[in-house]
Structures are given as C-alpha cells and as structure tokens.
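Participant: Given next are the chains, with one letter for each unit.
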Amino acid sequence: MQHSQKRITPRLDVERVQLPNGLVLLLSENHSIPSVSINAIVRAGSRFEADDKAGLASLVGALLDAGTVSRTSQEIAETIEAAGGQLGTFGDYQSCGAVVRLLSQDVGLGLDVASDLLMNATFPDDKVRQDIDRRVAQLRARLDVPRTQASDVFNEIVFKGSPQHRPPMGYEETVKVLTRADVEGFYRRYYTPENTLLAIAGDFDRNEVKGVIEATLGKWSRSSELPTPQVPLPGRQTSPIEKFVAATKEQVNIIIGHLGIERKNPDYYDLLVMDTILGSSPGFTSRIPRILRDEQGLAYSTFSNVTSSAGLDPGRFIAYIGTAPENLDRAISGLRGEISRIVEGGVTSEELEAAARYLTGSFVFHFQRNSQIADFLLEAEIYGLGFDYPEKYPELIRAVSVESVNRATRKYIDPQNLTTVVVGPVHEAA
Amino acid sequence: MTTHIKIGEAEAGTRSQTKSFITRNVQKTILSNGLTVLTKEMHDKPVVATMVWYRVGSRNEELGQTGKSHFLEHMLFKGTDRYKKGEIDLITHLHGGSNNAFTWLDFTAYYFTFAADRWEASLEIEASRMRNTTFVEEEFASEKQVVEEELRIGLDGPWEALENEVWATAFRQHPYHWPTVGWLEDLEAASGADMKAYYDKWYHPRHATLVVAGAFDSGEVLQKIEELFGPVPPGPATTPLRILEPPQRGEKRLVVKKETPVERLLIGYHAPEVAHPDSYALKVAESVLSTGKSSRLYQRLVERDQSVTKADASYHDHIDPSLFYFQAELKPGFKLADVERATFEEIDRLKRGDISTAEMDKAKRQIEASLVLSSEEPLQQAMLLGQYETIAFGEHLPEDSRGYHYLDTLLERVAAVKVDEIATAAEKYFTENNRTVGYLISDGEPDAKERDRAA
Numbered sequence: 000m001q002h003s004q005k006r007i008t009p010r011l012d013v014e015r016v017q018l019p020n021g022l023v024l025l026l027s028e029n030h031s032i033p034s035v036s037i038n039a040i041v042r043a044g045s046r047f048e049a050d051d052k053a054g055l056a057s058l059v060g061a062l063l064d065a066g067t068v069s070r071t072s073q074e075i076a077e078t079i080e081a082a083g084g085q086l087g088t089f090g091d092y093q094s095c096g097a098v099v100r101l102l103s104q105d106v107g108l109g110l111d112v113a114s115d116l117l118m119n120a121t122f123p124d125d126k127v128r129q130d131i132d133r134r135v136a137q138l139r140a141r142l143d144v145p146r147t148q149a150s151d152v153f154n155e156i157v158f159k160g161s162p163q164h165r166p167p168m169g170y171e172e173t174v175k176v177l178t179r180a181d182v183e184g185f186y187r188r189y190y191t192p193e194n195t196l197l198a199i200a201g202d203f204d205r206n207e208v209k210g211v212i213e214a215t216l217g218k219w220s221r222s223s224e225l226p227t228p229q230v231p232l233p234g235r236q237t238s239p240i241e242k243f244v245a246a247t248k249e250q251v252n253i254i255i256g257h258l259g260i261e262r263k264n265p266d267y268y269d270l271l272v273m274d275t276i277l278g279s280s281p282g283f284t285s286r287i288p289r290i291l292r293d294e295q296g297l298a299y300s301t302f303s304n305v306t307s308s309a310g311l312d313p314g315r316f317i318a319y320i321g322t323a324p325e326n327l328d329r330a331i332s333g334l335r336g337e338i339s340r341i342v343e344g345g346v347t348s349e350e351l352e353a354a355a356r357y358l359t360g361s362f363v364f365h366f367q368r369n370s371q372i373a374d375f376l377l378e379a380e381i382y383g384l385g386f387d388y389p390e391k392y393p394e395l396i397r398a399v400s401v402e403s404v405n406r407a408t409r410k411y412i413d414p415q416n417l418t419t420v421v422v423g424p425v426h427e428a429a
Numbered sequence: 000m001t002t003h004i005k006i007g008e009a010e011a012g013t014r015s016q017t018k019s020f021i022t023r024n025v026q027k028t029i030l031s032n033g034l035t036v037l038t039k040e041m042h043d044k045p046v047v048a049t050m051v052w053y054r055v056g057s058r059n060e061e062l063g064q065t066g067k068s069h070f071l072e073h074m075l076f077k078g079t080d081r082y083k084k085g086e087i088d089l090i091t092h093l094h095g096g097s098n099n100a101f102t103w104l105d106f107t108a109y110y111f112t113f114a115a116d117r118w119e120a121s122l123e124i125e126a127s128r129m130r131n132t133t134f135v136e137e138e139f140a141s142e143k144q145v146v147e148e149e150l151r152i153g154l155d156g157p158w159e160a161l162e163n164e165v166w167a168t169a170f171r172q173h174p175y176h177w178p179t180v181g182w183l184e185d186l187e188a189a190s191g192a193d194m195k196a197y198y199d200k201w202y203h204p205r206h207a208t209l210v211v212a213g214a215f216d217s218g219e220v221l222q223k224i225e226e227l228f229g230p231v232p233p234g235p236a237t238t239p240l241r242i243l244e245p246p247q248r249g250e251k252r253l254v255v256k257k258e259t260p261v262e263r264l265l266i267g268y269h270a271p272e273v274a275h276p277d278s279y280a281l282k283v284a285e286s287v288l289s290t291g292k293s294s295r296l297y298q299r300l301v302e303r304d305q306s307v308t309k310a311d312a313s314y315h316d317h318i319d320p321s322l323f324y325f326q327a328e329l330k331p332g333f334k335l336a337d338v339e340r341a342t343f344e345e346i347d348r349l350k351r352g353d354i355s356t357a358e359m360d361k362a363k364r365q366i367e368a369s370l371v372l373s374s375e376e377p378l379q380q381a382m383l384l385g386q387y388e389t390i391a392f393g394e395h396l397p398e399d400s401r402g403y404h405y406l407d408t409l410l411e412r413v414a415a416v417k418v419d420e421i422a423t424a425a426e427k428y429f430t431e432n433n434r435t436v437g438y439l440i441s442d443g444e445p446d447a448k449e450r451d452r453a454a
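Line order of the protein sequences matches chains A and B. Numbering (numbering that gives the first Met the number 0) for the first sequence: 0 to 429. Numbering (numbering that gives the first Met the number 0) for the second sequence: 0 to 454.
Just chain B, with the same shape it has in the complex (with noise of 0.2 angstroms):
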C-alpha cells in the first residue's frame, strides 16, 4: 500500500463561526498518483455525500470541438467494464440515493448521496469509471440525441440565448467564448472516437479531487479509498493551458431577436480570476448591488424607476478572468437604453464611494450568512469544498487561498474590504471599453394579444 502524504490537518477554527463551520474537520489527503482526497466526517445527519471533481471543462476545449466535456460526462453514465449500462442507476435506486453531475467551464463533477450504512457503492463506481469506461458506439449515438435535447432547451430560453452571444462577444480568444454545453454544429459532428480521446487525456488522478462529506469513519474510509484508487495510474501530463484574453478596446453592443413579449439586458464586464486582490470588493459590490430587496438594482429599477420585473448583478468564481454582468428583465413599455443608463448611474455611484457603512456590514453579513445558510446538507458542503481545491489553484494565488482553503481566507478577505476599494475596483473594471451590452427583443411578430392591446 502507499503512505499517504497529508499536507493538511484538521482545522483549529476560531477566526470565525462561519470558517469553522464549512471547513472543520476537513482532512486533505494526496495519494501516491496524484489524486486528492479530501474528508469531511460529520456525523450529525445519518448521510454520505461522495464527489469526484475533474479540472476539465468547456475552459479546455478547441474550437469545432465545443461541448466535449459536457457530452463525456452523459458518456459516464452508460457503463464501465465492472458496470454494465444502467447498473449505475440502479445501483443508486436500490440503495435509496440519489447521483448527477455537471459541467462547467472550469470543471466536470459528479456525486452520489446514501443513506450512511449504504453509500459506499458510491467508491466503488467512481473508481471504476474514473479509467475504465466503455464507449459503445450505439450508446453514443442515442446519447448524441440526449445531448442535443438538452441543448435545444437552452436554445428555447431567452436568458440562455443572451448570454451565450454575450459572452461570445465578450471573449474572442479564450474559450469561455463559447457556452458548456457546446455548439450545436459541432456536437452534430462529434464522434465516439474524440470523446473517448478526451476522455484519455484527462480522466486521471492527476486532474481529480474526491470528496467525501458525511458519517463515517475517517479511518476506514481513507483505507478504502487507498484500495480503490491507489493503484490507479497517475496519467500522463498535461501542459498547464495558458490562453489570456487580451483587453478589450472599445465597447462591444449586440442585439438577439427572439420571439418573447419581454425585452431583456444584460452587460457584461471583464473581471479577475478567483482568489485575485480585487474579486473581494467586486464580491461586496455584488452584494451592495443585487442581493435582496434592500439592494441598489431592486431598490433603484423595481421600486424607483419601476422599470423592470427583476435586475440582477452576478460575478461567479472562475480559474480564468471572466465576467461581472448585470442582468434586466423590462416591464412593457420601458426602453432598454434607459434601464442601461440607470444601470450605469448605480455603478457610478459605487466609483464615487457613496456607500454607507450600514450597507457594508449587511452585504458582507450577507455573504457570509448565505454561506451557513446554502450549507446545511453535507452534499452542499462537499460542493463547495470540491470547486474551490478544484479552481482555486496555481502559484499566482496567494498560498493561504489556495485550494479549499480559499474558503478561510474569503470571508476574512470579504470582512477587510473597504469601501475605497469597491470604488477602485469599480473604475478599474466597469469601464466602457471594457463593457459588452446585449439586448435581447422580439423578432418583430408580435401575438395576437400584442396587436389587440396596440389596437
């Protein structure tokens, strides 16, 4: 057997309630091949949660191949040499849990949750399919249809279809110019032959991290983890990519037409990666800006302006730069040019500094009481933990925000921001050249309810 190398112990927990609370008790372990474990034992609810999360995403994809990781992860499902097609499922309905994956830029993951005198089937089939998948090409041509449904669902919603050209726009030469779930051309051409491909390239120890959430016993769980995956071979490596967007030089505007009754916007600017210096005040500038009813959008273009039925602003983490957009959706009869301008007042107000210490407090009460409140299943813990050691990597974080620690250091990143520094952040980034606005209206066939009301 291998030793293990632990290069973290359980954590101390006093610098705060939050911190102890998602972080304690967490034990990283690296087995010999490079797979990262990481162990959260908990035992006040009767539950396992397993995760397996692969630093492969749209993010390491190619152009004419879009949708790659998305479709290998369905692939994942249809069996391996030890489970034949289905067996995964019914595995989990037999034993009363529940499994699903996702796919994002950034990542791939997967996760099973049982009851805990049952879950550790969960092991067994993540380290089989981890190397030993089959692709049967049969499967993979109705899974192709699958694939494609789910993707023609995005193409009915509206949000989806204005965020995809935004971001299109937005990112010329990175690929987080394109959406996860792939070009519909492109996934039309795919074939059994790349996928499995892929699959070689990245489906490793090297690229994974296993979390396990819940009540059990550290001890044995670590030992059967050993057993499972040790002898899995590390892969082959990969080169680190390194594709950097260049600034943008100017303001970029776009229109989608669609048949919708109701017009919508959305502005995106470029913003750092995670764990940057500034993404902690653009995280408060998030907050100050769209959470609750209390916020600035709702407060300004709900209640004042009643102008639109909801605004939203978003900046999510990413390993690469990406964006901080702002989102409305217009009540009939409003102008898009002028929610934009409203829009463009609030962000002004936040360059100029005019932010009361009242709204600083909530939004970072905000942002460390939605972390509590969005993590009272062990399964939302495991998620958590499982992004930030998957994204938060890389000599050019800071070494205390690297990996799950990430989650320490947030809230004590988020408690020193001053409000100079949103205003900083906010010239920094929300700069017109740096801007790409969308509009989203009706192609022009207005129903017949439409034409009666103009009647």
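Just chain A, with the same shape it has in the complex (with noise of 0.2 angstroms):
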C-alpha cells in the first residue's frame, strides 16, 4: 500500500509564554479529542525535605485539594466532579503539583480550580490530621507489595547519603510528627510563580486560554526570595552489597543494582539504546526477558533499566526479576551473568539497528493522549530538550553506535560493585 504521503514524527505545534511573574505557560492546541489535559508542577519535590520530615512534600501535595480560601474541599470536588472530569494532586521527588483532565468545554473551569489550588490553598488543620492518619496506614499496606519493599530496601543502600533512600511518601515515625506549619512553611516556599509550569494540552483555543490566565495566575505575586536547596548526591558504591529481608510470600522479589545517571546525562541516548538491548523492549527482544523468561521460564517479570529514572538527580541501574523461591540462586546468577556479558562482551551491530529502529519507531507512542503530550512539554521545559525533540529524536538516536553503546555501558555500569536485595521466603541476612 502507498503511504508516502504520511507523517509519522509527531510535529507538535507549541506556544511558551514567560508571565511577568516568572510563571512559564506551555500551550499545545490538537482538536482531535474533546478533551483537554492541564499538568500544573511546582519545581520541588521530597529532594528538598530534610530527613526528619521526610513525606512532607508529598502530604503537601495530597492536600492542596484539602481546601481553598474560597472552596471546601468538597466543593473542589463537586466542581471538577460534576462536570465529570478528573483531578489528581501530588508531591512527588522533584515536583509537585495537579493535574485535570476535562472535556473540553469545561477547561475555563479546570484553570479555574488549578490556579486556586496553587495560590490560595488553605490546608485546614483537621484535614491535616486526617490525611497523616491515612498515610501512616499506607505506609504499612505498603509492606503487602513485596515488589514496592524490596525496591524501598535497594534505594535505602543505593542512594545513601541523599535524599532519594527515602521513599517519597516518607516513614511513619516522620509523617506522624508533621505538623501543619510544616505544610503550610512548604507551600509559602515553593509555590511560587516563578518555580511554577502550567502545560496545557488538547482541544481549546489558546488566545481564550492565555487571557483566562493572565487574570488568574498572571496575579500571583512573585515571592521575595525562592531557596533553592542543595541536594547531598549520593556516591557510586565501591563494593558488592546483599541484603536479604524475610516475608511470608509465594515469590522472591529480587532488584540487583546501583546508582543511575541524570536525564541531562550526554551519554544517556547511548544508555537507551543499551536498556533496549539489555531488557526494557516490549516482548521478550531484550536480553533478560529473553533468555530469563522466554527460555529459562524463570519468571512472569524480568526486565532492567537505567535510563527511566534519569531525572534531576541520578536515577538508579536496576535488574529485576520475582521467581519461586526454588529458582533464587538461577535468578541471581541470571541477572548478574547478563549485566556483566553486555559489560564484558558489548553489543552486536545487529542488536544495536534493532534497537535504533525500535526507539525511532515507537517514539510516536508518547504522543497518544492529551496528558502524555502535556507531560512531554514539561520534561522539554526541565531538560532543555528543545519543543523541535520529536523531529530532533531520530537523529539523537542515529548517532549512537556499537562502540559509544560499549563505552558507555562501561563507564556506567559495574558488575563488580552492584546491590542486591532480595525479598521473600528467605533466612535474614544483610
């Protein structure tokens, strides 16, 4: 069939408009859906919390829907609610904010319950209360996901040191001493409209947009100073490290690591081609699903990946896999066998076209739905990327080659010195 005529790279048309009070506005206008997804993130997240109140952002972020100078946090319900859309708020490592998702004649109304949310949130006190007492029950439900404990056991090792050995929603003994000035201290701090991004995507027009937001958030005034903390950085393990935790599980839930790299990281589109090749592509293509699952029939899920955690700070190297527990030392050895054979022996040619011709193919994957290209204007603005990424994408990835993948995989991961945590029906050891 002829298909010539076809555009596959996604063009996304975007308009960026700096407000005079620092706000960054990221408008991108597509009428194929009557929907229209709103992504507003505050440039802080549990990387600026100090240990011993550790979950605070997160619980700000939960709460900015708790109440509004002008709003009950019912009627922030009903509001967006009624009109049958959707509102999420969260804190998160390194931002934090909400996001609404509309029907697209509804969309003055979620700009109206966002901008309320960033600027006049209230945080009442029983609410507070309320919300820490449903955390610390969270916290717990969290040790029924042996997957979620043996990850918050390999970050406790790996990020050492730094912020990110905490999980976001923080620990019981921290939440349940926080208190609502801690809240409210956080929210004067960070929201503030110069560390703040508003993206829009979807089916509005973006003059009608603009004005509503200029006469909102265009009024939230500038704070005097924005701290911008230093984030301690974890440093690179010189040694290998186990840790072994019992649960009364069916499975072992296995994670062998160590640090990552950050998004802005030149080597990183080297590092994803090797996560393709090693085992982060769909099916059972890549090495470990391959050869772990696929022929060995060791597990349901195994995979590896460095390059998705990439953020501000480094992200981590981890290999995964949850087995019966007759198959531990087989897994281990799998996962370890396969992180020092891509190190040792490097990838094929073959290997790395395939990899090239699947990172360049899927790419228009990310641009399925109003919030994922919201999402992507957002990463663009932290990172740099540049609104021309997705005609930029193909070539960043054209230029890597078996010998770029080689050194980078060498320079990044260390077989010597990885992290391995298991979780399950097994004797203590650390």
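Where hints are given, some of them may not hold.
One-sided excerpt, in silico: chain A residues whose CB lies under 10 angstroms from chain B [as the list claims (entries may be wrong)]:
| hint | residue |
| --- | --- |
| 1 | I32 |
| 2 | R133 |
| 3 | V135 |
| 4 | V144 |
| 5 | T247 |
| 6 | N252 |
Below 27 angstroms or equal to it, Euclidean Cα-Cα: the simulated DSSO-like pairs (lysine-lysine) are [said to hold, decoys possible]:
| hint | chain 1 | residue 1 | chain 2 | residue 2 |
| --- | --- | --- | --- | --- |
| 7 | B | K257 | A | K242 |
| 8 | A | K52 | B | K309 |
| 9 | B | K83 | B | K143 |
Since the hints were derived computationally from the structure, they do not count as laboratory data. The C-beta atom is built at its ideal place from N, Cα and C for all residues, glycine as well.
Using the hints, put the two chains back together into the complex; each one sits in its own frame.
Facilitator: Here's what the structure looks like:
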C-alpha cells in the first residue's frame, strides 16, 4: 500500500509564554478528541526535605485540594466531578502539583480550580491530621507489595546520603509528627509563580486560555526569595552489597543494581539503546526477558533499566526478577551474568540496529494522549530538550554507535559493585 | 474472493457528542467464514491499533482444567508455521510497535500498535496464529513455569486472595467461580495436548472479532483482510454455553488469613449481565457511590468515619450475571464489622431514593466524560469496540444494544435513569440473601513493629 504522504514524526505546535511574575505557560493545541489535560507542576519535592521531615512534600501535594480560601475540599471535588472531570494532586521526588483532565468545554473550570489550588490552598488543620492518619495506614500497606518493599530496601542502600534513599511518602515515624505549620511552610516557600510550570494540551483555544490565565495566575505575586536547597548526591558504591529480607510470600522479589545517571547526562541516548538491548524492549526481544523468561521460564516479570529513572539527580540502574523461591540462585546468577556479559562483551551491530529501529519507530506512542503531550512539554522545559525534540529524536538515536554504547555501558554499569536485594521466604541477611 | 456482507453503515452520530466520538465512522463487515471485522478509519494520529477478540475465556472452561484460556494466550506468542519462536516479538520490535494480550472471564484478546506506515504485519501475524500456532512440547513446559509465576504474583496480592475467595463462594455452579488465571493445581496438571484441543475448539473465525482503528484506508484494508482471513474455514459450531447460577438463598460469609498489616473488606452482590434493563441504574449507582472524592463512599468512609484508606464500588459488564462489589481497606484500629455496617447504611440510602438531582446529573456526566477521557488513543477505542462486540450478544439483548452499538445506547439509557429506578434496583439486588461478605485479616503473626507498638 502507498503511504508515502504520511507524516509519522510527531510535530507539536507549542507556544511558550513567560508571565511577568515568572510563571511559564506551555500550550499545545490539537482538536482530535474533545478533551483537555492541564498539568501544573511546582519545581520542588522530597529532594528538598530534611530527613526528619520525610514525607512533607508528598503530604503537601496530597492536601492541595483539601480546601482553598473560597472552597472547601468537598466543593473542589464537586466542581470538577460535576463536569465529569478528574483531578489529581501529588508531591513526588522532584516536583509536585495538580493534573486536571476534562472535556474541552470545561477547560475554564479546570483552570479556575488549578490556579486556586496553586495560589490559595489553606490546609485546614483537621484535614492535615486526617491525611497523616491515612498515610500511616498506607505506609504499612506498602509491606503487602513485595516488589515495592524490595524497591524501598534497594533505595535505602543505593541512595544512602541523598534524599532519594527515602520513599517520597516518608516513614511512619516522620509522617506522624508532621504539623500543619510544616505543610504551610513548604507551600509558602516553594509554591510560587517563578517556580511553576503550567502545561495545557488538547482541544482548547490558545488565546482564550491565555487571557484566562493572565487574569488569574498572572496576579500571583512573586516570592521575595525562592530558596534553592543544595541536594546532597549519593556516591557510587565501591564494593558489592547484599541484603535479604524475610517475608511470607509465594515469590522472591530480587533487585540487582546500583546508582544510575541524570537525565542531562550526555551519554543518555547510548544508555537508552543499551536499555533496549539488555532489558527494556517490548515482548521478549531484549536479553534479560528473552533468556530468563522465554528460554528458562524463570519468571513472569523480569527486566532491567537505567534511563527511565534519570531525572534532575542520578536515578538507579536495576535488574528485576520475581520468581519461585527454589529458583533464587539461578535467577541471581542469571541477572548478574547478563549484566557482566553486556559490559564485557558489548553489543552487536544487529542489536544496535534493532534497538534504533524500535526507539525511532515507537516514539510516536509517547504523544497519543493529551496528558502525555502535557508531560512532554514539562520535560522539554525542565531538561532543555527543545520543543522540536520529536523531530530531533531520530537523529539523536541514529548518532549512537556500537562503540559509543559499549563505552557508555562500561562507564556506567559496574558488574563488580552491585547491590542485591531479595525479599521473600528467605533467611534475613545483610 | 468472497463477497462482503455489510450489515452496518457508518454512523450519522447526532444523539450525543460521545456517541459520535466513539462509534463514529465504525464500519462492520462480516466475512463469509463468520469473522466479524470492525474498522474505524481516523487520521488524527499516525498510528494503527489492531486487535483480535476471541469469545472464549475462563467462562468456557471446566473444573479440573481451569486457566486454559489464559495459558493458551501465552502459547500464541510461541510461533506458528510461518513465524518461528520469538519472531512475532522481533517483528513488533523492529517495526517500533508494541503487542500484548489479555484474558478475562468472557474473552481473550490480542493487540498490536504500530506507526501508520508499517502496521500491516499485525494482520499477517493474526491471520497466521488464528489457526496455525505450533504447539512444541518443550515450549509448553517452560511457558507453564512462566504462567505459574504469574499466578504466584496474584497469590501474593491481598486483594486477589480475597477476590478469588468471594467469587468462588458467590458462584457455586457458574464458571465465574474460578479466577481467570485458574487454580494452581489445575495448571500444574495441564498438558500440551489439552491446550491444542482447546485451541482447535475455539480459535476460528466464527468466534472472533477483528478490530482495526487508526490512520489507514478502509477500502484497501478490507481487501487485505479478506485476502488474509477469507480463506480460513469458519470452524466447527459450538453449543452455546447455558450455565445458570441459581438464586442465592442466604448470606454467605468468609474469612481469608494472610500476613498483612491491613485488613480488607469485600462485599459482592449477584448483579445482572451486560445490557440488562437494570444494569444502567446500577451503573449510575456505582458512580454515585464511588467515582471521585465527592462520591458517597469516599465522603462517608474516608472523610466522615475516617475508618478506611480507600473504598470502592465496582460493577463490570459481563456476558452472564456477575457481581456488583464493594471494597474497603481499613485503617488500623477500625473494625471490619463497623465498615461493613456503614457500607450497608449507604446502600440503604440508595434504597430510600435519597439521591439529589445534582448527584444524578454528576454521576451521568462522569460516565459520559470518562468514556471520552479514556479513549484518546486509537487502541483504547479499539478495546471498547472489541469488548462490546464480543460480550453484548444474544437474542435476549435489545436489538439496538447488540455488539458495539451497545456503546450508543449506553449513554442514552444512562441518561434516562431515574432516582426511583436506582432505588428499585438497589432493593432488588442489594439484599442480605444475595450477598457474599469476605474479610481479609492478618494470620496472627504480627510483625516486630506491631509488637513494639502494642507494648
């Protein structure tokens, strides 16, 4: 069939506006579906917390919709939900904020509520207490998910000395003693226009929306001084570490890895290709799923990755497998063996070609939903990718060679100094 | 070439925005071998989603052989006479696409998504594996381990453990009794020959719906589909499944013990099948009870009683009557019996017809909007079209709600629901005799932290 006229590379029409108060507005219209996604983020998160306030950014994010100067929590929920919309608020490691998804006719309503939360949240005392109570219960429920438990234990070791060692939700001991004053303080400090990015994607009229925003968020006053705390960075481990945690489960959950890279690392694309070859492609084409699952039948879920956790701070390199306890030794040596093999033996030109074809061919799928497009706009702004990134992306991937992948793999992946965490029916050992 | 029998026309789409949006431009074609084909040409995104739905799921299995439908799904990635092992994934990979499959009570579905300039391999693969999947014994053995690991993930999940027990208790005759992944003991006993026989029984055009949604030319694609799928024989007829769950004559209660710091509650009521006249009132009730923070269960249990971390009501569409169920995850120090009682009080409010007009309007709007908000991708639209074409079938359904047209009538019927119909449906289904109540509690081995706290 003839499809030569089709344009496959996504091209986004993006408008970036910086308001006089510093707030950055990112707009991308498309009218294919009658819906809009409004993603508002504040550039602060648990990376700015002290250890004894662990969980604060997450709590503030969750409480954004607990009430504003003019609306109760119930009124906020009613307003969005009566329009059939969906509102979520959050506080993560490096950002916090609100996401609103609505039918296009209700975009004004969504903007009104989103700006209200960013500017006028009140954090009523009873809501703060109530949410802290709920979080304590949720923190305990984390132990019910062995994969989460293994991931928490792994982070404590690999990110030791940096705020990333903690779960963004914090710990029961620290969350219990957080106060309304802590919440209010964090909000006042970091929720400011010059620290905020607002991305809107979907079926809306750009000029109309700009007008609305200038009249609302445009009046938000700049803070006198926005603090930018120094975030301590973790060091790479210099010896192997093993930690076994006992839990009454059917499976053992195993995570092997070490410290990863930042998103701005110039070798990011080499490692993206390495990820695709080692353990992060669809189906069972990459080495780890193909060998450990498809050939050896050891697991339903097994993969590896280093680039997906790359952010402002270095993320983590992990290889994961969940398997029956009797397979423990085979699974650990299987993962370690594949890690060593790619570092020592490198990749082949066939593997590189296949990975490049996959990465360039599948890129279009990052731009299917309005919320994905809005997320891309935010990432492009935070990491300086440029809004023409979708057009540049194929070149970035094509520039990767067998040599550059092998060099980056040797540089960032260290089979001699891995952390191995096992959670399941095993004997405790550190 | 066989003649296409076109039984549906492109939709005019005037009744509501959502109607025209989901089913707009859908063309239904039935090949002479019985294969149903739904094409939806849309050029707003340069991608194409291809799905094949088989009307076979754990509902079609027998005791002692549970989990076969799901296991078979795994085997369909292991190669055909044309594609050797690993090649289906490799082609997907090299074309930058994605593929996967899922099995549930009523169906097994496979999908591919590709950029629009390289998507047609998906049709070729689906045509090949419909009848020509190879069942190599050694592949079967290693994949059995993989499926067993998948099942163990479920056994480690507290909700899965409780759900399995509640469904198994509520349904004693109907195959909704067992989970889709099957019982571990049945899986261990399964043979390659069983799997092949099951494949030969069900994987034929007459049991399948092919859905293609995205940026393509319908005329060319229908011709290609005819070339690829037209020569496949229709397959043997099967006797329609008639297993009825008799009315429940009294409340059933059960307890599951597991190492967990969090107690959980699940209450299931037998509720009607897809497109049943009462199902629309129950959908609105589900939304009133549990969609969003302004919903009844959130306001009552999370905000007022502060007894749970989350609470939900769920009612899914199935071929046969299933369960309308309530779930809650308790905060420490609160009692399952109290949360259960509070849930019943909220149900009683529905029975009294205590629902405001604003609440009714909100619930209906939420149902309509969520259909749009969850359908931005061509794949998501293909999922909805394929699902209803597969489950909304049979003479007992109103003619205008059969197949994917269910999605048109859904919104009209939801819009027509009145408060007294919700009250009547609640009175009819949410009764003591009709319910199964499950508690998940700790197995009595408090962890060290718990002991410290108690001390």
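Participant: Could you tell me which of the hints above the structure violates, numbers in ascending order?
Facilitator: none
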